[in-house]
Amino acid sequence: MRGPTTVEPVPGRTDELIINMGPQHPATHGVLKVVIGVEGERITRAVPHIGFLHRNHEKIEEARTYPQIITYTDRMDYVSGLQNELPFILAVEDLLGVEVPPRAKLIRTIFFELFRIASHLVWLGTGMLDLGAITPFLYTFRDREMILEITEKTAGARMLPNYFTFGGVRRDVHPDFFKDVAHFLDFFETRLPDYYALVLDSPVFQARAVGVGVLSRERAIARGASGPVIRASGVAYDVRKAEPYDAYPELEFEVPTRPEGDVFARFWVRFKEMEESVKIIRQALEKTPKTGPYKGKVPPRVKPKPGARYRAVEISRGHLGTYVVSDGSERPLRVKHRSPSFANLQLIPDLFVGARFADAIAILSSLDPVFGEVDR
Amino acid sequence: MSLFAEVWEAVKAVGAGLGAVNKRISEPAVTEFYPYKKPEIPPVSVQFLALIQNEDGTDRCVACLQCERVCPSQVITIERKRNPEGKGFVLERFDLDFANCMHCANCVEACPVSAIVTVGAFEHAVYDINLLKADKAMLDHIGHEAKTWYSPKFGVEIRTPDGRIEKAPPEMQPGGLAELLAEGEGGEAS
Ligand code: SF4
Ligand code: SF4
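Sequences listed follow chains A and B, in order.
If you're matching positions, the first sequence starts at 1 in my numbering and goes up one per residue.
If you're matching positions, the second sequence starts at 1001 in my numbering and goes up one per residue.
Since the hints were derived computationally from the structure, they do not count as laboratory data.
Predicted model only: the values in this text are computed from it and were never measured.
For glycine and all other residues, C-beta sits at the position ideal for the given N, C-alpha and C.
Please note: incorrect hints may appear among the correct ones.
With a straight-line cut-off of 25 Å between C-alpha atoms, the simulated PhoX-like cross-links for lysine-lysine are [unchecked claim]:
#1 A:305 with A:279
#2 A:290 with B:1153
#3 A:179 with A:305
#4 A:297 with B:1147
#5 B:1023 with A:290
Okay, the calculated beta carbon distance ranges per label pair [what the hints assert, rightly or not]:
#6 A:10 with B:1129: 43 to 51 Å
#7 B:1015 with A:279: 46 to 54 Å
#8 B:1133 with A:191: 29 to 37 Å
#9 B:1015 with A:192: 33 to 41 Å
#10 A:289 with B:1092: 43 to 51 Å
#11 B:1166 with A:300: 55 to 63 Å
#12 A:210 with B:1095: 20 to 28 Å
#13 B:1079 with A:279: 39 to 47 Å
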């Protein structure tokens, strides 16, 4: 069934006001338009409009060779750019039958988790900006800058590095890499208590977040939510545990969950995830040899044998899957991305209706959508 | 909770927040004073691309079309002709549209002779988008201006003041070069 595509005024009903939120609203994290009906302070109807940032990723990728496509996957979720490359690469590696050296897997995992921290820091800063707190924004972006500098030193770019490749990574890490990452982790651990004091432990924030935008476990599963959103509703679903990839089977970490399903729970889960990421990176740093192979043997012309493969990874926002169909040529027949923000955004009508108008912003920032990936 | 208790809680929260801010007040500033003090960017950083010519002024490029083939946004256009003296090809035209370039460095990685490289210059904003459509003369010029550049095959190279091209000392090199020089594995175009 198709849902309503817009909100029409009901004849004779004068107490309902219909307003547009976005697409240029600063709190919509990009270009989202939500048509909202409000009755006093309560939201009665909400219809999201997406597609403003559509760039035709999947069709373009059909016309590109496999190594070229990696560059495009970066541009989906640009806040955690590097993480997007992995599902496509894993799928093609499976089709090619390429062995990835253990060291390359560990390097990939370290970068993967660094970008999770970077992405959650952006979310924390901008999310609190939406709620009216400016200080966390200034602090989180300063911490994220350190991750971007580490990435630039090794991979050559800050946000869209195009660094992973079939069989491993493109070039070996910078000689300072291990030192830099360890330094960042030490530094970040001294910063986390400040974020707790400024955000999570603050009664002012709790008054805005506790009991707001409650998502039930059943509804989260029915809507296909993933990532921190579903874990805050009490479902311990994490692709890193469910279908482990790269070096995750060797590393120990927990999947933080919380049963409440409100805005506070979603903030809490992301905070705990940052702590888990720090733990994962520390373990991976210890295991990674300083030198060694960083790329497996890959044929110079990437031509997977005919077949199809679906691989998923847990990016900062949830379950990102890529389905690759190969017909044995240099270009894939079809590439399909299943993106987490798109599924999480479908919760807007569920969560908005009945909430107060000011809480809509808090709910939206707790879903943490990135529109490059919603619209692709 | 009574109103007074709630107000007291809020005051305490603001106090705790100010405490967290206070801890950082004496930290050194991290602001970059950009136009006055230029940041140093790592050599592998993909900013501007350039064509490098040998010390005697001949092209390093052997017109193998690898870079044209791997470019995802297809902004490189090469025309070549057979070399009149000897074998191989020579360039007739080498255009690169920086306006549509994704700065992915696929071309730099694919080049077998390190002719197309990344250079450290990063200020290339212009008012007219057509100025970003570079031809061979412009790419050669950027290469001549560059003091250091990077390519995965040869690592960081520097141009000495008297015009010679030399390999940079090991402390300027990014990671992975030792293995590259030892074996050449992992350096092939992906
Ligand atoms: S950096 Fe990438 S997009 Fe730009 S010219 Fe090279 S291959 Fe093409
Ligand atoms: S890959 Fe290098 S040698 Fe080949 S055409 Fe491009 S610049 Fe010239």
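Exercise. Taking each numbered hint in turn, which are not upheld by the structure, reported in ascending numerical order?
Worked result: The structure conflicts with hints 1, 3, 4, 5, 7, 8, 9, 11, 12 and 13, although it agrees with all the remaining ones.
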